[in-house]
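A.B. asks: Protein chains in written order, with my numbering: chain H, -4 to 376; chain C, 2 to 324.
Note that these hints are calculated values from the structure, not bench results.
Cβ atoms here follow ideal geometry from the backbone N, Cα and C, with glycine treated the same way.
Mixed in with the good hints, there may be bad ones.
Label-pair distances were calculated between CB atoms; the ranges are [said to hold, decoys possible]: (1) H:Asp136 - C:Arg320: 37 to 45 Å; (2) H:Glu99 - C:Ala106: 37 to 45 Å; (3) H:Gly231 - C:Glu51: 30 to 38 Å; (4) H:Glu291 - C:Gly44: 53 to 61 Å; (5) H:Ala352 - C:Phe243: 36 to 44 Å; (6) C:Glu51 - H:Ala322: 31 to 39 Å; (7) H:Ala292 - C:Arg74: 22 to 30 Å; (8) C:Pro200 - H:Asp136: 51 to 59 Å; (9) C:Glu305 - H:Glu309: 23 to 31 Å.
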Amino acid sequence: MTVKSTARARKKASPGVPDSLATGKDAPAELVQLLTPEGERVEHPDYPLTVTPEELRSLYRDLVLVRRFDAEATALQRQGELGLWASLLGQEAAQVGSGRAMREKDYAFPTYREHGVAWCRGVDPLNLLGMFRGVNHGGWDPNEKNFHLYTIVIGSQTLHATGYAMGITKDGADDAVIAYFGDGASSQGDVNEAFTFASVYNAPVVFFCQNNQWAISEPTTTQTRIPLYRRASGFGFPGVRVDGNDVLACLAVTRWALDRARSGSGPVLIEAFTYRMGAHTTSDDPTRYRANEETEAWKAKDPISRLKAHLEREQLADEEFFAAVEAESETLGLRVREGVRSMPDPDATLIFDHVYAEPHALVAEERAEYVAYAESFEGGE
Amino acid sequence: MSKLTMSKAINEGLRACLETDPKTLIMGEDVGKLGGVFRVTDGLQKDFGEDRVIDTPLAESGIVGTAIGLALRGYRPIVEIQFDGFVYPAFDQIVTQLAKMHARALGHVKMPVTIRIPYAGGIGAVEHHSESHEAYFAHTAGLRVVTPSNPDDAYWMLRQSVESDDPVIFLEPKARYWDKAEISSAPELDLHAAKVVRPGTDLTLLAYGPMVKVCLEAAQAAEQDGHRVEVVDLRSLSPVDFATLEASVKRTGRAVVVHEAPVFMGMGAELAARLTERCFYHLEAPVLRVGGYHAPYPPSRVEEQYLPDLDRVLDAVDRALAF
Ligand SMILES: Cc1ncc(C[n+]2csc(CCOP(=O)(O)OP(=O)(O)O)c2C)c(N)n1
Ligand SMILES: [Mg+2]
Chain H
-4 MTVKSTARAR
6 KKASPGVPDS
16 LATGKDAPAE
26 LVQLLTPEGE
36 RVEHPDYPLT
46 VTPEELRSLY
56 RDLVLVRRFD
66 AEATALQRQG
76 ELGLWASLLG
86 QEAAQVGSGR
96 AMREKDYAFP
106 TYREHGVAWC
116 RGVDPLNLLG
126 MFRGVNHGGW
136 DPNEKNFHLY
146 TIVIGSQTLH
156 ATGYAMGITK
166 DGADDAVIAY
176 FGDGASSQGD
186 VNEAFTFASV
196 YNAPVVFFCQ
206 NNQWAISEPT
216 TTQTRIPLYR
226 RASGFGFPGV
236 RVDGNDVLAC
246 LAVTRWALDR
256 ARSGSGPVLI
266 EAFTYRMGAH
276 TTSDDPTRYR
286 ANEETEAWKA
296 KDPISRLKAH
306 LEREQLADEE
316 FFAAVEAESE
326 TLGLRVREGV
336 RSMPDPDATL
346 IFDHVYAEPH
356 ALVAEERAEY
366 VAYAESFEGG
376 E
Chain C
2 MSKLTMSKAI
12 NEGLRACLET
22 DPKTLIMGED
32 VGKLGGVFRV
42 TDGLQKDFGE
52 DRVIDTPLAE
62 SGIVGTAIGL
72 ALRGYRPIVE
82 IQFDGFVYPA
92 FDQIVTQLAK
102 MHARALGHVK
112 MPVTIRIPYA
122 GGIGAVEHHS
132 ESHEAYFAHT
142 AGLRVVTPSN
152 PDDAYWMLRQ
162 SVESDDPVIF
172 LEPKARYWDK
182 AEISSAPELD
192 LHAAKVVRPG
202 TDLTLLAYGP
212 MVKVCLEAAQ
222 AAEQDGHRVE
232 VVDLRSLSPV
242 DFATLEASVK
252 RTGRAVVVHE
262 APVFMGMGAE
272 LAARLTERCF
282 YHLEAPVLRV
292 GGYHAPYPPS
302 RVEEQYLPDL
312 DRVLDAVDRA
322 LAF
């Protein structure tokens, strides 16, 4: 007997909100935008932004270099130099806009895809590659650039960000924190608990959700029946949906949210509406679950070409500038390639090196056993 | 059936469950169109529909918690956790609710929930994708814990797990997903029976899941040194088939337990203690253990040094034989 379905003949649960609203297709009015896909500067009454031509060029440079670094890492994975890579392709503006909104003493808590934020924080891109190459599980000192380690377990870091922000309040400081997470992560208990804690303790944390429309193969509609930014109201703080492919809008809204947080007004949820242009990771095959037309449609909203169009139409940058950025990206590419290839494998004793901050008898014993065992092979193989 | 990989064997096992029992459901992240990150559920949503092969929101506690509710309503959920390291958000539901529900209701409710977890290492993955956490589950009364080492067991043990009226933690050794073998037409053994997979007279290697293959290779290598090593595949970690283990160890007089999980407080500790109690006068050497260290699973570039391999197993065999 083959049973195809046990569902009774009744209509599927009514969503309450049309899918198109959850995905945002019918909601342009809700979307904060300062730069149209054509590169035209528009104003938003709530989020005014003054940027100098110099700043615009600098943002452009960030976007290009971040994309170049990411492309280089993808290529290095294909060549076997990395075990895995999670590309940020398409999300550069969300990351650079929010990253550049931060002050030096602010703190970022990333997922595993925030290479653009890391760039803005001044983390050496090579540091990001260690865990993807398999030489460490993170490796950098988070306190050096106030950029926490990448977190793979979905949503966990949002609670750490909230706790860190609670500490800022206790210290009477005016720093602020950004917690990055994805549309998929919005379903996790940890994320919802972070919302609760942040709200109850009025913590200076900005929840920055990059809704890139996909959680591996699951569309955002698998996670939510309302636009994600509206979740905030149930927790008692504001939510804003911003065009995640508009670096200026991301900058303006995040700056506003961080300032609001540091002035004691508590958390904000920002939903950066964007798109994951590539595969989830280099292990993924998106042709199994999404249509090429969708990806093609998002190409027209590319974050870099719109800023470039703006710079060109306003004559804020010349050929020489674009060529210089291009040259700089070549240099970065070369540095990344060479850096990764010469990254040494760790000594196996790394296994035992940092398990505890203080001596631990069992670890010490097993380390000694391991070393003796390994030495018994030396020269013998 | 022709030769199948372990992942395909489990896929076929799931298909058979969905075909034979209309109350079975598959729930998990990316189990639908994608067919799971290891393609274990490939094609099942297409053939059985979105009502029975369910892409859930990204929330493991939610997945297991709602599976418990579905079980209360008469369904038989088969849950997929995407990777070992991501079961922890669901740990509370598994340990405090799923495992105890039957006992708390004095037997009035049953919890036929199967939780499939790709586990253990050796595939060069990033953090949280290589964990061996079987001891946590085996330590929890109310859960049955099993792990196949080959495609045939994977197929039949999955079917038996789904048929069980108790919650079963079904651990799939992901490094063995691509191993191929023939699937027999009927299950040879009870779900919780251990199996002597290679007979020997001098020493018993006790292993399960990913380490059975390593132990079989070690036994073969030991033969070249004139040692006849028996290999027992535990298959079930709760309950353990101690009768089969005891008979083997009484015959050989020596035992070495091998697992990827850390040795300290691991399955090997329990096996060594029980076998010592049961076989004390037959033992020529203490029961030795080979396994992971008391350290987080390391970055992939040094995982080879962390995982028990042929040499480390043979080293323990030599030490046991030298007593
Ligand atoms: C707790 C947990 N469950 C499952 C996974 C496996 N996993 C890795 S990424 C991912 C999807 C995440 O989607 P989203 O939050 O939208 O972030 P994105 O990858 O799109 O940036 C899943 C399910 C995980 N890392 N952690
Ligand atoms: Mg996403």
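A.B. asks: State for each hint whether it applies.
C.D. replies: Hint by hint, here is what the structure shows:
1. In this structure, aspartate 136 (chain H) and arginine 320 (chain C) meet the distance hint of 37 to 45 Å, their C-beta atoms being roughly 41 Å apart.
2. Distance hint for glutamate 99 (chain H) and alanine 106 (chain C): a CB-CB separation of about 57 Å, inconsistent with the stated range 37 to 45 Å.
3. Range check, glycine 231 (chain H) to glutamate 51 (chain C): about 35 Å between beta-carbon atoms, so the 30 to 38 Å window is met.
4. Against the hinted window of 53 to 61 Å, the Cβ-Cβ separation of glutamate 291 (chain H) and glycine 44 (chain C) comes to about 27 Å, which falls outside the hint.
5. The hinted window of 36 to 44 Å between alanine 352 (chain H) and phenylalanine 243 (chain C) holds, with their beta carbons roughly 40 Å apart.
6. For glutamate 51 (chain C) and alanine 322 (chain H), the Cβ-Cβ distance of about 51 Å falls outside the hinted range of 31 to 39 Å, so the restraint is violated.
7. Judged by the Cβ atoms, the range 22 to 30 Å given for alanine 292 (chain H) and arginine 74 (chain C) is violated: they are separated by roughly 41 Å.
8. The hinted range of 51 to 59 Å is satisfied by proline 200 (chain C) and aspartate 136 (chain H), whose Cβ atoms lie roughly 55 Å apart.
9. About 56 Å separates the C-beta atoms of glutamate 305 (chain C) and glutamate 309 (chain H), a value inconsistent with the hinted range of 23 to 31 Å.
Of the numbered hints stated above, those contradicted by the structure are hints 2, 4, 6, 7 and 9, listed in ascending order.
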